[in-house]
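**Student:** If you're matching them up, the sequences are chains A and B in order.
For the record, in the first sequence the residue sitting at position 180 is 227 according to this note's numbering, with numbers rising by one throughout.
For the record, in the second sequence the residue sitting at position 39 is 86 according to this note's numbering, with numbers rising by one throughout.
Hint data in this document are derived by calculation from the structure and do not stem from the laboratory.
Treat the hints with care, since some could be wrong.
Identical chains blur together in the list; that is why a pair holds if it fits in one copy or across any two.
[What the hints assert, rightly or not] Listed next, the in silico DSS-like pairs over lysine-lysine satisfying Cα-Cα at most 25 angstroms (straight line):
#  : residue 1 : residue 2
1  : 157       : 138
2  : 67        : 288
3  : 67        : 102
4  : 102       : 238
5  : 173       : 159
6  : 238       : 282
7  : 138       : 102
8  : 367       : 307
9  : 103       : 67
10 : 103       : 138
11 : 267       : 78
12 : 103       : 78
13 : 157       : 307
14 : 157       : 103
15 : 138       : 164
16 : 138       : 170
17 : 367       : 78
18 : 306       : 238
Residues per chain, in single letters:
Number of protein chains: 2
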Amino acid sequence: MALFVQKYGGSSVADPDCVKNVARRVWRTRKAGHDVVVVVSAMGNATDDLIALAKKVNSNPDAREMDMLLATGEQVSVAMLSMALHALGVKAVSMTGPQAGIIAEPFHRKAKILAVKPRRIVKALKEGHIVIVAGFQGLNRYEDVVTLGRGGSDMTAVALAWALKADRCQFYKDVTGVFTADPSVVPDARKLDEISYDEMLELASLGAEVLQSRSVEFAKNHGVRMEVLSSFENKPGTLVKEEVSDMENIVVRGVVADKKQAKVTILRVPDRPGIAAGIFTALAKANINVDMIVLNVSNQGQLADISFTIPSADLQQALKVVESVVPEVASSGVTHDQNIAKVSIVGVGMRSHSGIAARMFSVLAANGIDIHMISTSEIKISVVISKKQADKAVRVLHREFKLSR
Amino acid sequence: MALFVQKYGGSSVADPDCVKNVARRVWRTRKAGHDVVVVVSAMGNATDDLIALAKKVNSNPDAREMDMLLATGEQVSVAMLSMALHALGVKAVSMTGPQAGIIAEPFHRKAKILAVKPRRIVKALKEGHIVIVAGFQGLNRYEDVVTLGRGGSDMTAVALAWALKADRCQFYKDVTGVFTADPSVVPDARKLDEISYDEMLELASLGAEVLQSRSVEFAKNHGVRMEVLSSFENKPGTLVKEEVSDMENIVVRGVVADKKQAKVTILRVPDRPGIAAGIFTALAKANINVDMIVLNVSNQGQLADISFTIPSADLQQALKVVESVVPEVASSGVTHDQNIAKVSIVGVGMRSHSGIAARMFSVLAANGIDIHMISTSEIKISVVISKKQADKAVRVLHREFKLSR
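I would like the entire structure built from these sequences, with the hints used as guidance.
**Tutor:** Below, the structure written as structure tokens:
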């Protein structure tokens with residue numbers, strides 16, 4: 048008998064029929080003789096609907112009151128799923144995040160989990176219940192409910208799996224697992240049976256929207272075994288786990304493209320000490336996530352061109368920040384390009400195999416794809432190319448590294 | 048500076064515009080220099096919508112899970128009202144029933160309030176906040192949220208007013224106060240400036256749907272001053288308070304008709320010891336609220352006719368109960384009548400004035416209205432008459448006792 052923590056996202060519980068479907072899946076695990084703790088998100092668009100409702104009385108609602116409002120979304124889901132399990136004759140009990148012992152930072156709308164005190168969950172499991180926990184929320188030291196920010200329900204699941212020493216933390220999604228590439232771009236993309244935490248982390252930060260980086264990082268640090276699988280099909284998914292030696296035999300685990308990037312270039316940056324630091328500090332303060340940075344010093348070290356990539360959504364704000372920090376750089380001195388994409392290959396095998404970058408650049412060149420920027424880490428290589436060539440690049444790289452085999 | 052507890056029902060916060068309207072009313076009390084604690088119900092039909100949602104996954108949902116689900120209705124309201132007050136620049140903070148210190152019985156969907164521990168409210172008031180509390184809910188000893196049953200939000204308000212020693216507990220309704228009679232029946236019905244707890248209790252139990260009996264009873268026992276006033280107009284309402292001597296000068300305070308009654312008559316009840324007790328015990332066990340009872344012993348004490356009135360909605364069930372308790376009374380021996388109404392006059396002055404009943408019966412007779420049953424208490428006289436004469440009876444009694452003066 049094992050203990051599974053299962054997490055179902057909002058689309059898996061979008062309406063009463065979906066809730067019943069989830070109840071049947073949970074029941075199946077139960078019938079196989081296992082204990083189950085379920086973490087659910089708010090039903091479908093409930094969170095967005097609540098945000099829209101709030102905006103009707105206050106264009107800039109207070110974060111504490113938003114948390115009070117948003118927490119109801121998950122509370123509805125857990126009650127509904129518990130009722131659906133009762134209808135199948137299964138013992139189940141729902142809990143809010145605070146009732147489940149999720150203790151979090153005081154910061155509303157972006158609290159991190161500080162501790163898990165799963166007393167009530169343990170007791171309910173012993174009594175033979177399936178326990179259904181509201182994701183995305185916890186209790187802060189002022190006894191207020193706080194929400195955990197983006198990807199918060201995933202964090203709830205991983206933290207509970209760790210605190211309860213669960214055998215596996217399963218993430219039920221609308222995909223059957225983690226793929227070597229986006230199957231809508233690469234028809235012969237293959238579902239991976241397993242992937243290391245580090246590879247999953249790189250994929251998550253490179254635009255693969257399967258798991259949130261924060262929860263993968265926590266799972267890695269605390270040895271929580273994760274599995275990504277489909278909430279609609281009944282097949283094994285992809286296991287995310289510690290790296291084992293034979294993983295290195297596979298040089299490239301996957302290819303991923305991020306088309307939501309923009310590139311900003313500042314031409315002829317004046318040679319003042321610390322000016323680059325000033326620019327990137329100001330961008331960080333404005334909460335703009337700068338990804339790749341390239342600096343070209345020209346003109347005998349007096350002027351430099353700086354290029355960097357950021358999420359497209361932050362472009363307008365980034366341009367304002369740059370102009371405020373470097374006012375002498377007139378608008379003519381700052382260019383930007385939204386027609387770019389970042390294409391990356393990821394694999395722990397790169398650590399022990401050389402020449403992978405050269406192979407990647409060669410195959411792109413041979414297919415007429417120009418590279419604008421390059422960035423590498425120990426287990427990934429990213430290039431910035433023209434957005435309209437992104438899908439082609441993913442396909443040729445997928446073929447080059449034989450990912451469909 | 049006074050402390051007011053203000054309670055707004057679901058129709059007062061039915062949509063975001065209504066919520067803004069309530070925020071403006073609360074703000075007005077605040078600007079006058081008073082502290083305010085606000086109790087709100089769920090927005091409009093939110094509770095009914097949640098019940099309908101639950102039924103889609105379970106036709107007979109568990110009471111604990113229903114409470115988990117229903118509690119979200121009020122939680123949405125309090126967050127919304129707090130945000131609307133912030134938009135007006137007012138300091139406000141929302142609290143769930145548990146956060147507000149409402150401690151209740153363990154019984155889901157019908158818990159009674161056991162204690163109020165208003166530590167957080169007191170602190171927030173001291174900090175200059177308007178405190179907005181979710182009505183209809185509390186925390187039980189298992190640390191689960193429970194709902195308080197019908198009229199529960201009124202109870203939350205009265206209990207908080209008592210615990211906080213508030214100067215007044217104000218109930219904002221879609222009427223401007225308590226009237227001498229239903230204004231839609233009696234055009235010159237008059238809004239009462241004040242009414243005693245006992246009179247209000249009689250009116251509440253006689254079909255005036257202004258305040259719940261439970262909350263009036265609590266207010267009477269604990270000396271909480273209540274006021275009924277309009278959430279749409281800006282006028283003083285009706286004060287519900289302890290009886291003062293000059294109240295007795297007014298013999299009749301109001302006339303009320305209850306048209307949702309049915310009468311059941313059991314003919315020739317066999318003369319077994321305790322058979323009447325058996326019938327009414329069985330009805331009580333079936334949760335059927337019997338109001339008036341008339342027993343006529345005939346035939347030299349061997350057989351009796353028993354008549355009683357009950358809410359129309361319970362008629363079918365009541366007939367079943369009667370047949371199970373007195374099987375020898377065939378269906379021919381039980382008659383029922385739904386075309387009845389109970390018309391009552393209420394006033395503490397009846398205690399010191401005689402002849403009121405005679406005056407009531409005379410004026411009804413003079414207007415061709417037959418009386419089927421009579422029931423009296425110290426401060427009210429009720430008669431059962433034909434339903435189609437009910438409005439006429441209310442009008443002639445209103446005129447007879449000069450209630451519009």
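**Student:** If a hint holds in the structure, say so; if it does not, say that too.
**Tutor:** Cross-check of the supplied hints:
no.: 1; hint: 157 - 138; in the structure: between (33 angstroms within a copy, 23 angstroms between copies)
no.: 2; hint: 67 - 288; in the structure: neither (30 angstroms within a copy, 52 angstroms between copies)
no.: 3; hint: 67 - 102; in the structure: between (32 angstroms within a copy, 12 angstroms between copies)
no.: 4; hint: 102 - 238; in the structure: neither (41 angstroms within a copy, 38 angstroms between copies)
no.: 5; hint: 173 - 159; in the structure: neither (28 angstroms within a copy, 30 angstroms between copies)
no.: 6; hint: 238 - 282; in the structure: within (11 angstroms within a copy, 70 angstroms between copies)
no.: 7; hint: 138 - 102; in the structure: between (39 angstroms within a copy, 18 angstroms between copies)
no.: 8; hint: 367 - 307; in the structure: within (19 angstroms within a copy, 69 angstroms between copies)
no.: 9; hint: 103 - 67; in the structure: between (33 angstroms within a copy, 9 angstroms between copies)
no.: 10; hint: 103 - 138; in the structure: between (40 angstroms within a copy, 19 angstroms between copies)
no.: 11; hint: 267 - 78; in the structure: neither (30 angstroms within a copy, 55 angstroms between copies)
no.: 12; hint: 103 - 78; in the structure: between (46 angstroms within a copy, 24 angstroms between copies)
no.: 13; hint: 157 - 307; in the structure: within (23 angstroms within a copy, 53 angstroms between copies)
no.: 14; hint: 157 - 103; in the structure: within (23 angstroms within a copy, 33 angstroms between copies)
no.: 15; hint: 138 - 164; in the structure: within (22 angstroms within a copy, 33 angstroms between copies)
no.: 16; hint: 138 - 170; in the structure: within (13 angstroms within a copy, 40 angstroms between copies)
no.: 17; hint: 367 - 78; in the structure: neither (58 angstroms within a copy, 42 angstroms between copies)
no.: 18; hint: 306 - 238; in the structure: within (22 angstroms within a copy, 68 angstroms between copies)
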